[in-house]
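Undergrad: Sequence:
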Amino acid sequence: MHSDIFNADNMVQPPTRAGMSLQHPRCVRYTVNGEVRARQGSMVAWRGNLTFETQRQGIRNFVKRAVTGEGVPLMAVRGQGEVWFAEGAASCFVIDLEQNDVLTINGRNILCFDPTLAYEIHLVQGAGMLGGGLFNSVFSGHGQLAVLSNGQPLVIPVTPQVPVFVDTNSVIGWSHQLQTSIHRSESLKSVLRGGSGELFQLRLDGQGFVLVQPSEGLPYSPAAAGDSGSTAGSQGGLLGSFLGG
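Going by the UniProt record's numbering, the residue at position 219 of the sequence shown is 219; the numbering climbs one at a time, nothing skipped.
I should point out that these hints are in silico values taken from the structure, not numbers from a laboratory.
Backbone N, C-alpha and C define an ideal beta-carbon position, used for all residues, glycine too.
It is possible that part of the hints are untrue.
So the derived label-pair ranges between C-beta atoms look like this [claimed, not checked]:
id	residue 1	residue 2	range
1	S3	H142	38 to 46 Å
2	H142	P15	20 to 28 Å
3	R26	V102	26 to 34 Å
4	T159	G19	29 to 37 Å
5	L123	G88	21 to 29 Å
6	I156	T54	32 to 40 Å
7	A118	H2	44 to 52 Å
8	L154	H24	16 to 24 Å
9	G79	Q177	31 to 39 Å
Start from the sequences, fold in the hints, and give me the full structure.
TA: Put into structure tokens, the structure is as follows:
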């Protein structure tokens, strides 16, 4: 049998180490020797001796997710074997967090992560409660996190001299030490004339970086994934729904 589909780049090789790695730009491979946590429904293949269970997130995160719409429905994959994760053919990236790193990520952009990472849902400082507030998922600790992007992302440095403004529908995440606020870039007169569609953005100040996808859409279909949860600037009564991105 002959076909380009059997190209060496598509062939899965035996694992060389436990943990997370990119199978290719749109799929993450995790060699499990214990446990990994992932978005429910994101498994596309597996082999070995593995079990899949709904992951409890603690009563505080459960309540926050119910109120805010933020967060992500998680599953725990346990045992020994290999599992491949993907979501809507979105681009995948693996981020290594060191012990003192703290990273804010939109719930919709989370694919999978090591159980050594702590996961909390926080109110974005400076965003207030307008339109339901602006909430994101905060990761800390030592381990790896796989994130999704609808297209090739931008990594934009933020410095004290040069703040960065991002669409709440496009932001993937940012350095947690950055100061955030909501910026209005359009005058009332312009709004009354119909507006440009760019009324409010998230402003980031300080020293760090922000990750932005080149799209205002989701990197996957919530209906297909069975995910009623969302992210900053999406559904769930969050700020982006009220502002219209």
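Undergrad: Out of the numbered hints, which ones does the structure contradict?
TA: none
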